[in-house]
Structure formats: structure tokens, C-alpha cells
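Assemble chain R onto chain H, guided by the hints.
Listed below, chain by chain, are the residues.
There are 2 protein chains.
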Amino acid sequence: MASGGEFDFIRTRLGPLTRNHAAALGLSDDAAVLDPPEGCQLVLACDTLVAGVHFRADDPPETAASRAMRSNLSDMAAMGAEPLGYLSALTWPRDIAPDWRDAFVAGLAAEQDRFGVPLLGGDTTSTPGPMTVTLTLIGSVPQGAALTRGGAAADDDIWVSGTIGDAALGLAAQEGEAGAPAELIDRYTRPESRLELGRALRGLASAAIDISDGLLADAGHIAETSGLALTIEAGDVPLSAPARTWLAGAGEGGLGRLLTGGDDYELLFTAPPAHRAAIAALAGAHMPLTRIGRAEAGAGVVCRDASGETLKIDRDGFTHF
Amino acid sequence: MASGGEFDFIRTRLGPLTRNHAAALGLSDDAAVLDPPEGCQLVLACDTLVAGVHFRADDPPETAASRAMRSNLSDMAAMGAEPLGYLSALTWPRDIAPDWRDAFVAGLAAEQDRFGVPLLGGDTTSTPGPMTVTLTLIGSVPQGAALTRGGAAADDDIWVSGTIGDAALGLAAQEGEAGAPAELIDRYTRPESRLELGRALRGLASAAIDISDGLLADAGHIAETSGLALTIEAGDVPLSAPARTWLAGAGEGGLGRLLTGGDDYELLFTAPPAHRAAIAALAGAHMPLTRIGRAEAGAGVVCRDASGETLKIDRDGFTHF
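The listed protein sequences derive, respectively, from chains H and R. Note that my numbering has the first sequence beginning at -13, numbered continuously upward. Note that my numbering has the second sequence beginning at -13, numbered continuously upward.
Check the hints yourself; a few may be wrong.
What the hints assert, rightly or not - Chain R residues, not near chain H, derived (Cβ > 10 Å throughout): (1) Leu11; (2) Arg42; (3) Met65; (4) Trp86; (5) Asp99; (6) Ala139; (7) Gly162; (8) His207; (9) Ala264.
What the hints assert, rightly or not - Facing chain H, a subset of chain R residues (Cβ under 7 Å, in silico): (10) Phe(-5); (11) Thr(-2); (12) Leu13; (13) Asp16; (14) Ala17; (15) Ala18; (16) Leu28; (17) Thr34; (18) Asp61; (19) Ala64; (20) Leu73; (21) Thr77; (22) Gly108; (23) Asp109.
To be verified - If you want the footprint, here are the derived chain R segments under chain H, 3+ residues with CB under 8 Å: (24) 19 to 26; (25) 117 to 128; (26) 286 to 292.
In short, the hints are calculated from the structure, not lab data. Using N, Cα and C, we set each Cβ at its ideal position, and we do this for glycine too.
Okay, chain H solo, but in the shape it has when bound (with noise of 0.2 Å):
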């Protein structure tokens, strides 16, 4: 549906980005068309991010390219896929800067690089309101190996991978609020994703998601799926020594702020005990892995404080104390 002089954008910045893929058809066909991997189920999600809610408005581009295509990841991380490709729908401002336009295209290319994602097709529309993106994914899964949020089981521990909060207090550090830590801000702008422990968690991990909503919020959607309780103990969940230093100045609500915090896109995952050893493995110098409580039968989530207090939790993944 791309009309005008879209055409010329689509041939001479986006044509690149497939770097040759051959079910790219030089993006200039009607579809891609894709060998599926021999033997592979197809793992597929996609994101929307709006300017003005999901990153800010003022953002460089390559902040916002960097948070749509790592958000993409992210899913196909937890699913434990490998990524295959990508679909760009990309929905201009009528207005927006050819140069900011170039730049976020730059960094999509810098991302798909860094992770090995080529483009494969998609959609270049203008718009009277925000500019908003919407990528869709396409990886593979050897059959029967996806992780879910649904098979989780009765005492498997809950694990955690990095430190969590980090974005959170990232983004209030982009904002300019009093006391939170800029060394952070690059976990807004530039979240990990954790493809490779994604991967090396097939047949380790028994439930995975990774975290946009927070720590509670999708330790919630695991509990739902799976049918289960999660207890998490708030004292073990892992913190940046940045946000450490910050919570000690915080008072009585920022405990609550960092488990509640969305966007840290690290991945949350239970594991029968059996595989701790195995799990404890793949953690290394720059993405520890970390044991913060237990499944069991029940539903929804408790969190307890280092004294062993139950937090309480409300509906929207807020925490009161």
C-alpha cells in the first residue's frame, strides 16, 4: 500500500536492510517467501510502539528503532526461538525529518546486525498523528521446544535473569527526576535480549516470559497460565549496584517501584530444581541468573520481604506497602 514516493524510500533505505535474504524478494514483491527450517515450528509475534508511550517522543531515533526491534526480540527470547527475519511496518508523521527518518532506518540496520535478523518485507505508510512501528518476528523452534508461560509445575524455582528495575529507573533518569541513576539510562534505550539464554534454556526451563510489564506483573501472567502460585522473595530478586544505591535514599515505596517497573526485557523463567546446576551454568560475568522463590499449587503471586512479610500486590502490578 505504499504509494509515491515511498517507493524510492523503500528501494534505497529499506531495500539494504534485507541484506540479500532471498525471501526478501528486493521487498519488491507482495509478501516475503520464506523456507520454514526442516523440522521447526514458527514462532511469530509482533510489537507496536507508539512515539509519546512507548518511547519518548524527544528520543533519537536510534533509541527508538533500538527499543522496538529489542522489545520484538525479546518475545522470541522467551519463546526460546531463534529469530529467522522480520516484517518493518513503519508509519511515518506526514512531517517527520528525512533525516530522522534515515536515522532510525540506520539504527534498524544496526540492530538486525547486531543480532542477525535480516528484512524481510512490510509496509511504509504516512500519518497525521505519532509515528508508530510495528515489527513482526518470525523465528523457529526445533518441534515440540518453545518455552510458554503455561508449564510451570509445583515446587520449580523461579528464576531470574540481569538485575531488575534498571529500565525503570533508566527512564526516570532520561526524564530528569531527582536522584535516579544516568549510568542506568543505557537499560532504557538499549534493553538486552536474552536470545542465546532463551535458546540454552530449552529443556532447562519449564515457563518463560520475558519482562515488559514488570516483575510482578509477569511473574502474574506466568502463574495465571501455568495454574499456579508464584512466591517470590523481594530480598533475593537481583538489583544493579546503581539501583541499589538508589533504593537505600528511596524510602518505604521503591522496593515496590523496582518490581513493578516494566521494559527491563530480562527473561523470567521457572525450572524444576533438578536442572539448578544446569541452569547456574549459563550465567556469566555480565548476565547473572538467580533463584527468586518458588512455584506451587495456588494461584497468583506473593511477594515477601527480606523479614519474610507478605507484600501486597493490586490488579494493575502495583505494590502497596
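Then chain R, alone, in the frame of chain H:
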């Protein structure tokens, strides 16, 4: 990335649209997990529609849903693909009426059932701007059987399905233009999706495209991708009875308007003359198939009027007489 009250909407409104397809995982996971059909290639396309750009902001929700689904299915038709399912990225204005939203989803449901295409996943977000919907269609073709824009050969016939220019006149009628035939409004609001024709053309057509940008512009895409010239006899282009009546009173620019009007979503395709009888046999009472010209060595699109005069076509697809 859905948040807050969106979860209820996804479960109660979108959940039923999966029609319990296993790949959708009940819309409760990060991605869909689809078994690709044996021996097939995947066909992947997405199209974005923005309220006020690709449908009228005051169109009924069913029209928006219908146009979104059919413009996307049309890409599947043009590739000769069998649609397997779709992902919906729905971006709602913050002040959208719940009734409008529910009617849009009901419209999607009616469309997907008509064409047998279940919802497999997606994303639901909000925007301060106009409603924006991106559907990603996932289809399949037998290995090597996809129709593309690049396969036309010199001396191939040029064919078109249905009648041309009706959607442009239907839109004009809906916008209250004097003389535009109201009986064509349906052709704008509910354009045909030529899925069955597309599949039947595998092995018969050498190249194909769906007419979204207008007959001449889309012929230009085949000409460019195939590296050929396409000569179209304007007098042979099939017109509906209301369009013929309108044309008789429209003056000199009328024909050009029909030949460049978008959104018909009919199929334009090329085929060797040896396949004429086989292709003619695919036509039906509600779907004429008409030969309108010939491919030859060269470049670009030449359009001749009934008296053999060459019509001048500028690069934006508009025709000057």
C-alpha cells in the same frame, strides 16, 4: 506490551477470534507457535491502515475491519498463497468508544470466518493519534509455486480479474461526489479478495500483483520487476455497468481516473498465450477474466486508447490526456 485493562479485552474479545487454533496458545503467550505445512514455503505480508488515510475516519468500524482484512488477504491472493492465520496489531485512540472497538472486532471476526483465517497473536496498544491497524498475514504455497511480480516474459498476455476503477468511484460516491455511482460503495468498503483465483493461477500465470495502487501503477511494478514493457489497451479494460454509465458523462479525464484509481484489489497478471483457454475457464459470472494487453521487450507501461493513441502516464500513476 499490552497493559492494564487491555488484558481483559484480549481475553474476552480477541480470544474467541483464535477459533481455538493451537498455534495461538490462547493468546496467553509472547508469540504464536505454528506448524508449517509440509513441503510448503511461507508467505508473509503486512499492511497498515490508518484512520483518515486508508479508511475514512467516519467509516463504520465494520468497513475499517473489512478493508484491513481484505487488503492484506489480497497480498496472499497475488502470491497464489493459502492464508493460514494472522497477527493483529491494534492501536486504539485513547478516547475510542468501547462500542466502536467491539464492532471493529466483530467485523474482523466476520471477515476471518468468511475466508477461514484465524487470529494467531498480536499486540494491543493505545495512541494519542488516529486508529492504526497492522495485520500480518501468514500463508503458504507449495515449494516454488509462489506467484511474483518478476516472472513475466515477452509476448505474455496481460490479464485482469473483475472490473477496474469501481473502488475509486465507490469512495467518491461515499464522499458525496456528484454523479459518482452509489451502487459501487460496496466495492470500496468490501473489496474482493481473489484468494481462490490466486491459487488457481499457480502454474498458469507468469507474474501477478493485486491492484492496490491503481491498474497502471501496479502494471508498472510488474514491468519494472520483470524488466519488460507492458502495453495495455485501455479500450479492453473491463468496466462495470455503473462505471461505464459514469464514464459516459465524465468527460475526457474520466478514463484516466478509472485506470489509476486504487483499492480495487483485483488481480493483474501475465501468462503465456498457451494458457489462454485454461485461464478463461477460471472466470465465473461474478468474476470476468479479461485480456487487456501484452508484455514485450522494453521498459515501463504504455497505455493505448481505443483509437490506438498512446496515453501519457506520469510517474505518480496519473494519466494525462
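Note to self: Checking a non-interface call: every C-beta of chain H should be farther than 10 Å from the C-beta of R/Leu11. Is that right?
What the structure shows: 6 Å, violated
Notebook entry, point to check: Is it the case that R/Ala264 keeps its Cβ farther than 10 Å from each residue Cβ in chain H?
Noted result: 23 Å, holds
Notebook entry, point to check: So is R/His207 really clear of chain H, every C-beta pair being over 10 Å apart?
Noted result: 7 Å, violated
Next item on the list: Using 7 Å as the Cβ threshold, decide whether R/Thr34 counts as touching chain H.
Entry: Holds: closest Cβ of chain H sits about 5 Å from R/Thr34, inside 7 Å.
Margin query: Can you verify the interface hint for R/Gly108: is its Cβ closer than 7 Å to any Cβ in chain H?
Written below: Since the shortest Cβ distance to chain H is 6 Å, the answer is holds.
Notebook entry, point to check: How about R/Asp109: closest beta carbon in chain H under 7 Å, or not?
Noted result: Holds: closest Cβ of chain H sits about 5 Å from R/Asp109, inside 7 Å.
Check: For R/Gly162, which was marked as not at the interface, is the minimum beta-carbon distance to chain H over 10 Å?
Finding: 21 Å, holds
Next item on the list: Return the status of the interface hint for R/Leu28: holds when the least beta-carbon distance to chain H is below 7 Å, violated otherwise.
Entry: 4 Å, holds
Item checked: Given as non-interface: R/Ala139, which should sit over 10 Å from chain H by C-beta -> 17 Å, holds
Next item on the list: Could you check if R/Ala64 really has its C-beta closer than 7 Å to a C-beta on chain H?
Entry: Interface hint status for R/Ala64: holds (4 Å vs cutoff 7 Å).
Next item on the list: Can you take a look at whether the stretch 286 to 292 of chain R is actually covered by chain H? Rule is 3+ residues, C-beta closer than 8 Å.
Entry: That given contact is violated, which follows from only 0 residues of the stretch 286 to 292 of chain R lying within Cβ reach (below 8 Å) of chain H.
Margin query: Taking 8 Å as the Cβ threshold, is the statement that the stretch 19 to 26 of chain R is covered by chain H upheld or broken by the three-residue rule?
Written below: Coverage by chain H holds for the stretch 19 to 26 of chain R (5 residues, Cβ < 8 Å).
The structure fails to meet hints 1, 3, 8, 10, 11, 12, 26 from the earlier list, while all remaining hints are met.
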